[in-house]
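The sequence shown lines up with residues 1 to 81 when you count with UniProt numbering.
It is possible that part of the hints are untrue.
[Stated by the list, open to error] Here are the simulated lysine to any residue pairs, SDA-like style, with alpha carbons at most 20 angstroms apart:
1) K41 <-> A51
2) K41 <-> G54
3) K41 <-> V29
4) K41 <-> A31
5) K41 <-> L52
6) K41 <-> V55
7) K41 <-> L30
8) K41 <-> L53
[What the hints assert, rightly or not] Label-pair distances were calculated between CB atoms; the ranges are:
9) F64 <-> A16: 29 to 35 angstroms
10) T49 <-> A28: 17 to 23 angstroms
11) S43 <-> A16: 37 to 43 angstroms
12) G75 <-> L40: 23 to 29 angstroms
13) L18 <-> A56: 18 to 24 angstroms
14) P42 <-> F74: 39 to 45 angstroms
15) R76 <-> L53: 28 to 34 angstroms
Hint data in this document are derived by calculation from the structure and do not stem from the laboratory. Beta carbons: idealized from backbone N, C-alpha and C, even for Gly.
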Amino acid sequence: MTRGGDDEPGANFSLARLALSSLGSAAAVLALVAVVIVVLKPSPGLGLTIALLGVAGAIAAMGFVSVRITRRAFGRHERRS
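Take the sequences, apply the hints, and build the full model.
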């Protein structure tokens with residue numbers, strides 16, 4: 001659903017696309033980490049470290065993708081205090 005014309009900020013914004021893209025990027029990172037753990041077969045401590053880094057990477061990927069999509073739709077506004 002769009003609001004107004006295409007010149008209006010946010011006219012091409014889709015909340016569903018934002019959610020699916022963010023979750024998709026996190027799932028891709030976690031899948032990559034799972035493959036790395038299966039291939040390397042690390043010790044339990046190292047495996048836990050790799051998994052925790054994967055969770056942090058998934059969170060970072062979600063943030064990066066969501067900020068990129070949101071800025072593309074609404075533009076980058078400088079915050080003035």
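> Hint by hint, which ones does the structure fall short of?
Replying inline: Of the numbered hints given earlier, those the structure breaks are 9, 12, listed in rising order.
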